[in-house]
Amino acid sequence: MGKYSTTFKNSLSVFIQYRLNLGLILVSQLVSLSGLVFLWLSIYSSGQQMGNYGLQEIITYYVLVTLIATIIGDGIGMAFDVVEDINRGEIIHYLLKPFSYVKYRFLTLVGAITINLMFMAPLIIIGGYLMRQSFSFPSASGWVYFCITLSFAILFEFLIFMLASLSSFWVVRGSSFIYATILITGLFDGSLIPLDLFPYWAYHITSYLPFQFIIFTPIQAFLENIYSPAKLFSVAMVWIIILLLLLLWVWKRGVKKLEGVGR
Amino acid sequence: MKNKYLKILSRTFSNSISEFFMYRADFFFRIFMGLLWSTTSLVIVELIFYHTPSLDGWSQSDILLLYITLNLAFVVQDVLTNSIFELSSHIAEGRFDFIIIKPIDSQFFAMFNRPDPGALLFFFTYNIPLIYGLYLHSDSPIHWLYFPLYILLILASNILWMLMRTIIMTLNFWWQRLDNIGQILNSMQEIGRYPISIYPRPLKIIFYTIFPIAFSGVVPAEVLRGNISWVSLIGMFIVLCILSLFSRFLWKKAIRNYTSASS
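Chains X and G, in that order, give the protein sequences.
With the numbering used here, the residue at position 16 of the first sequence is 16, and numbering never jumps.
One gets the numbering used here by counting positions in the second sequence from 1 and adding 263 to each.
No wet-lab data here; the hints were simulated from the structure.
All figures in this text were calculated on a predicted structure; none of them were measured in a lab.
Fair warning: there could be bad hints in the mix.
[Unchecked claim] Here are some chain X residues pointing at chain G (derived, C-beta under 8 Å):
1) GLY35
2) ALA180
3) LEU192
4) ILE193
Glycine included, each C-beta is placed from N, C-alpha and C at the ideal position.
Working from the sequences, and respecting the hints, build out all of it.
Next up, the structure:
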């Protein structure tokens, strides 16, 4: 375990160097999501209503989307790093060590998220205090649900993007799979439009997909809108098992196929 | 002198085409990505107009026209100057030295050394379904008489964003590993997909000056809707001149201050 705790500490040191990158992620998230906020403001000002969301709820929703996406967004960067490691053959250095590359990448991601949380925490506290009149905070059990679902978000972010990045074992441009994954998760994780604003049949389908756990489910936990937690956690556990087994299988097949010429 | 640059551009483009056709999987994947993007865009537009009949006076077909216009405004620079995004890693890893020692303008080479012809394939597969969607929802007239002016504005937009990209990426000379700085530009593209009129006045000023996304989407689209604003057209020309001069000035300053990392 010592080698993995060292990995975690090293990733804290590395990511604290690149705190400007965190600022850039936050700015880009704020920019793209401000577009959506003003879009909904424009719709509400014309007298329309979006499902069961009042204006305050929809603003709360997108503030939370920004926060969660900024905190856990390093999963995408991790995926591109894995693609580069495989394409350049540098992954061979890790295979020769008594060290799990997948665990290493997971702990590095957790380190990055920890740094993001550390830097975002003052902003969240100050912002929460200033917006306390227009923000509805959850009860104690709501906070517990939120923390649990946020942990699931980190895990799903890792599993989904790690799987996408392992396509590099077979294709030259593994980054194309990552862009496709970004697109699909963006549509089905609720970051663009709340999933419960989809037509009922589409919402029903998305409630059985793993992408909802990245953004939509933590926000619903915060807003205390989870009405069947047992079903939700069952779906989450089933997908975690499926994705873990798939990841292990793809990893084993990929390593068998790997050729490290000149390394 | 001009012949040298045209020859180099033509040679790098033909090399890129050869490289592109070497990887047939990449060819089909670009088609798949284009169709995925268009599906996502059409779904988002359908969801918005599922809840509202118009968006600040823009109908569904107007929004689709805006999407297509924005894509046209970025296609030339996506094809020709995609390599500018590699500047961050070139500088950090010492590979920029191999650019600067060549007997050619370094800014030209950094921008045009690796064209991406696959972006053209992506562009067509992305936009053909959007054009079909526009045809199906054609509830607003298109003023074809202004089409030549529209094309001129699209070409100007491409040059404008080529310069914006270069300016943003040049910042890497001072702050290394700004890996996520390109994301800010992508976020601006998202902003441009909605009518600028939905934003408050301070943001509108920003979108016509510092981050002139309005000139890439709304202004050309309004021309085809029959609303020509000569103030906007003159403003676009002024912004283009300022960005040309600033981009060149910043690049020369960056080169004077450049110190090699290692090579």
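Here is what the structure says about each hint:
1. GLY35: Constraint on GLY35(X) satisfied, holds at 5 Å.
2. ALA180: At about 6 Å, which falls below the 8 Å cut-off, the nearest Cβ of chain G leaves the hint on ALA180(X) intact, so it holds.
3. LEU192: OK, holds: LEU192(X) within 8 Å of chain G, min 6 Å.
4. ILE193: 5 Å, holds
The earlier numbered hints are all upheld by this structure, with none contradicted.
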